[in-house]
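> Chains A and U are the protein sequences, given in the same order. Position in the first sequence (first residue = 1) + 1 = the working numbering. Oh and the second sequence: position 59 is 56 in the working numbering, straight run, nothing missing.
Simulated from the structure, these hints should not be mistaken for laboratory data. Just so it is clear, CB atoms sit at the ideal spot from N, CA and C, and this is done for glycine as well. Treat the hints loosely; a few may be bogus.
From chain A, some residues computed to sit far from chain U (all C-beta separations above 10 Å) [as the list claims (entries may be wrong)]:
#1 25
#2 34
#3 147
#4 184
#5 212
Now the stretches of chain U that chain A is said to cover, found in silico as 3 or more residues with beta-carbon under 8 Å [what the hints assert, rightly or not]:
#6 48 to 56
#7 175 to 189
Computed list of chain U residues with no C-beta within reach of chain A, every gap over 10 Å [claimed, not checked]:
#8 78
#9 103
#10 163
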Amino acid sequence: MNRLRDVSIGHKLILIMMLTSGISLALACAAFMTYDWVSSKESIAQRLETMAEIVGANSTAALTFDNAADAEETLRLLRAESHVVAGAVYGDDRTPFATYHRDAVQFVPPEPEPGGYRFETEHLVVFKPIILNDERIGTVFLKSDLEEMDARFRRYVQIVVAFILASFALTFLVAARLRSVISEPILKLLQTMRRVSEENTYSVRATKQGEDEL
Amino acid sequence: MLQFYQKGARVVGRSTLVLVAIVVALLVLVGSKDVGGETSAAPSEFDVKAAFLYRFASFVEWPEATVSAERFEIGIVGDDPFGSAFEPFRNQPIEGRRLRIVHNPLITDSGGPQILFVSSSETGHFAEVLRLVADKPVLTVSDIDGFAARGGILNFVLRDKKIRFAINVEAADRAGLKLSSRLLKLAEIVTTVSVDRDAGGGE
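If we strip away everything but chain A, and leave its shape as in the complex, we get (with noise of 0.2 Å):
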C-alpha cells in the first residue's frame, strides 16, 4: 500500500476509477456466465432428453416386433446431430436391442437406468423409458459430448476479455480528462500554499475553481 501512496494523485484517481469500472465489470460478466452456464446445462440436457423420446416412440414396433435392424436404423438417423456420441435401445429384460456410435466402433452400453440425466466429466448422459400400451417395453440410452458447451464458454470467456480490455481503455481515457477536475484544484492550491512560504507573502490569492470543499 506504501508504494499506492508514493503514486501521484492524477495516477490514484485513474486507478481507482479503473480498478472500480474493472471490478463490477467482472462480477456483473461472472454473475450472467453462470446463469447461462446453468441454463445452457439444463436446455443440452432437455435437447438430448427430447431426442431420447424420439427415438423410443420410434423403435416401439422393432421392439415389440423383434427387429433389431429397424431399431438400428432409427439410431443411425443420430448421426445428423453430430455431438451425440452414442446411443442404444434396450428391450425389457435389460440387454441390450441395437447399438449406435459415431464412431461406426462396436461397443459395450451401460446397464440401462430407470430415466433421467447425468453429467459425466465429458459427457451428457440420457436414459428415457420406452412406453408403450402404458406398459415400459425397453429404455433409451443416448450419450452426448460437452463440446458445444465448451465452445460456447471459450467463445464467452474470449467476449468477456475483450470486453474487459475494452472498457479499461476507455475509462483510461475518460478517467485521464476528469482526474484534472479532483487533481487541479488541489495541485494549485499546493502551488498557492508552496508560493506563499516561499515569498513569504499573504497576498497571494487561491482562486475558487468550484463550490466542493476546494
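Given chain A's structure and the hints, the job is docking chain U onto it.
Just chain U, lined up with the frame of chain A:
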C-alpha cells in the same frame, strides 16, 4: 455339542448349523432354476405369433364406430394352432378392453372380431372368408403363403429364422383400417395379385 457363539443365553449347536446348511442348499437349488429370468424354454412359433397378434392392436386403428367398449376380439378360423399361447395376455387389456378369443366367429354386417386369424388348415379355401370380410374393419392375418397377395391384410413370413410379416396396404385401406407407419416400415409391402378377373377390372 460345540458352542459356536453365545448371544446372551442362546447357544448355537452343531446340529442346528447342519440344518441351516441343508435349507440354504435347497434354496440355492430351487433359486438357480429361475436364473435367467422367465421360463427356460424358448418361445414356440405360435407363442410368438400370438404375441404379435395381440400387439398388432397397438399399431392399428379401427374406425371409431366399430370400437366396442368391452371386448377386443381375436377370431380364429380353422384349426386352432395356438393352444395356450394367449394365456399370458388373458388379463392384459388391449386398448383398455379385455381380450377374447373366439373360434370360427360369426361375421355380421355390424360386428365381428377386430382381428381374424386364418389358420393354415384353411389353405386352399380361405378366399370365401376374405370375400366376406374384405370391406369390414377386420384385420385379417394368416401364416398361409400368399395370403396377403390374395387380399388378406397381414401375412406372417419367415425371414432368417425370424417371424416377420408382409402387409397388403390396399386391403387395409379397403377394410377401413389405419396402420401405423411404424408397423409398415417393418413389413414387406405386398399388392393384391388378382387371380380371377371380375368385370370391372381391378381396384
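> Of the hints given before, which are not true for this structure?
none
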